[in-house]
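Undergrad: Chains as they are written, first to last, in our numbering: chain G, 5 to 472; chain S, 5 to 136.
Hints are not guaranteed to be accurate.
What the hints assert, rightly or not - With a straight-line Cα cutoff of 30 angstroms, these simulated DSS-like cross-link-like pairs (lysine-lysine) come out:
hint, chain 1, residue 1, chain 2, residue 2
1, G, LYS239, S, LYS124
2, S, LYS84, S, LYS39
3, G, LYS204, G, LYS189
4, G, LYS70, S, LYS98
Please keep in mind that the hints were generated in silico from the structure rather than gathered at the bench.
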Amino acid sequence: MASIAAAQVQEVRSITRIERIGAHSHIRGLGLDDSLEPRAVSQGMVGQKMARKAAGVILQMIREGKIAGRAVLLAGQPGTGKTAIAMGLAQALGPDTPFTSMAGSEIYSLEMSKTEALTQAIRKSIGIRIKEESEIIEGEVVEVVVERAAGGGGARVGRLTLKTTDMETNYDLGAKMIDSLLKEKVQAGDVITIDKATGKINKLGRSFARARDYDATGQQARFVQCPEGELQKRKEVVHTVTLHEVDVINSRTHGFLALFSGDTGEIKSEIREQINSKVAEWREEGKAEMIPGVLFVDEAHMLDIECFSFLNRALESETAPVVIMATNRGITRIRGTNYRSPHGIPLDLLDRMIIVPTTPYSHQELREILNIRCEEEDCQMSADALTVLTRVATETSLRYAIQLITTASLVARRRKATEVSMEDVKKVYSLFLDEHRSEQFLKEYQDEFMFDDGAGGDNAPQMMEVSQ
Amino acid sequence: MMDQDQEKVLKYLVLVEKLAEEILCDRREIVLLDKRRNQNREALRNLTKSNQQKCWLTVGSVLIKHNTEVARSLLEKDQKQLDIDINKLRCDLKVKVNNLRDLEMQPPVPGLMLVPMSLKETEGLSKAGIIP
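Next comes chain G alone, as it looks inside the complex (with noise of 0.2 angstroms):
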């Protein structure tokens, strides 16, 4: 029963995953040549060359972990590619550095605590990583026999045959094992592995040189190399864990499916205490080996200053991942008190952060970001529609233009024609508005919508400002 319902999980997960269209998901790294230095574009990045070299170092210094303790703060204007500048970072690193992304308000939630979600998230950013090794027997089945011994007893005796490309040799069976190949079918020409501690049997699948064995086939029917080399072979597998990982099994109190639901709510000071002695323990015993991570948060100003003082605690553990913080915030009000700080951000930490500046992109740079955006929206473009886009991009936001890639596209499949012309872009920006016109618009006939105070213009800024 067991078997079948894992047998299910399987084929749930192997479902391919729907890749969705983000607002960075043209980023596939810091588009960095060996010797760290920016190219013009690469991988997604355009322009920036500063803040990505800076990046690069920054990438190096994790990657050699001598960057653990200390923060990095990107500052810079809405829409100059902060978020974009911490993906690439993300990607570059690797899918073994564990990297945490959340934004500054996430937080704020009724379920725990500002602290306790924080350091959730500080343990997701560093991951531990563990060995296994197992002995296994690796082979192609030659042949399996099981006879009953004469006499109808209970006693049988089995025989199993299994090859390499290079050797072959017999094995006498016990009833355990002849049970147990019988339940997973085994016969001619599987692909086996049987490890060697429990005795549990794998198939693989079939060898390639049995492929004709029979004319069809069930869609499962996997075919492999037959294995090479010798028999009894020693695994070894390496995996990263995070350190949230391990405090939630540890700390569930209903089954382990807390970790899935997502739901794992507080988890108690005594039991992260209990993990990070055993991690220590592993360590020093050379079972684990620590990967300090990335937790990057957006919107840094949204954080206030209780988790301002927390994180600068946080950051002197000897455990803390890299903190990557992004702001577009001048100098602010920092959250929670009534002083104001650059960034929004109080100067104690400040101190210890390293700041990358990301500067506004020039007319070319915008061209060919949009460009590699209306290649990765699928959406041909012609060159004017394209400068007109551009244009649209310097005297509204990088952002507006963006949004109207898609809405392009789609005006222009409805007249049928396969490329965005110039018409389809002006077509759209006449339709959608971008936050001047819209702010115009409003200061304009502000008398005839409701609940307006007639105030417009200089006191608008200050209410957006959030209230304590």
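Dock chain S against chain G, hints included.
TA: What follows is chain S alone, placed relative to chain G:
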């Protein structure tokens, strides 16, 4: 100047090739040792099944008739030595592979030198589905 560079490159290539050859040699050696280990195992099994007092042993190209008991102890001793040899080769292989990668300017294999966890320690993790 040119000559010096060439010499340097040649030296480097010799170093890499030598190490790579050694690794391939060791791999081959492990396969041969495992082959002998499996043959010995088959022989031991057949000795327990047969009820004869004496048996034939091949030493090189010579056949020797020997006491079954003595033959068995010889084989068992050989098995033990084979296990030790294979394990030693495997351990050395790891160091050599890392050295080669270092020469080829590749990062070392992550976690290669870790001490493996015991079955009991990984049980909790695999039960929770974190590791397969």
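Undergrad: Taking 30 angstroms as the top limit, are the C-alpha atoms of G:LYS204 and G:LYS189 close enough?
TA: holds, 14 angstroms
Undergrad: When you check the alpha-carbon spacing of S:LYS84 and S:LYS39, does it fall within 30 angstroms?
TA: holds, 14 angstroms
Undergrad: Decide if the proposed pair is consistent with the structure: G:LYS70 and S:LYS98, CA atoms, cutoff 30 angstroms inclusive.
TA: Since the Cα atoms of G:LYS70 and S:LYS98 sit roughly 26 angstroms apart, the hinted pair holds (cutoff 30 angstroms).
Undergrad: Below or equal to 30 angstroms on CA atoms is what counts here, so check G:LYS239 against S:LYS124.
TA: holds, 17 angstroms
The structure agrees with every numbered hint stated previously.
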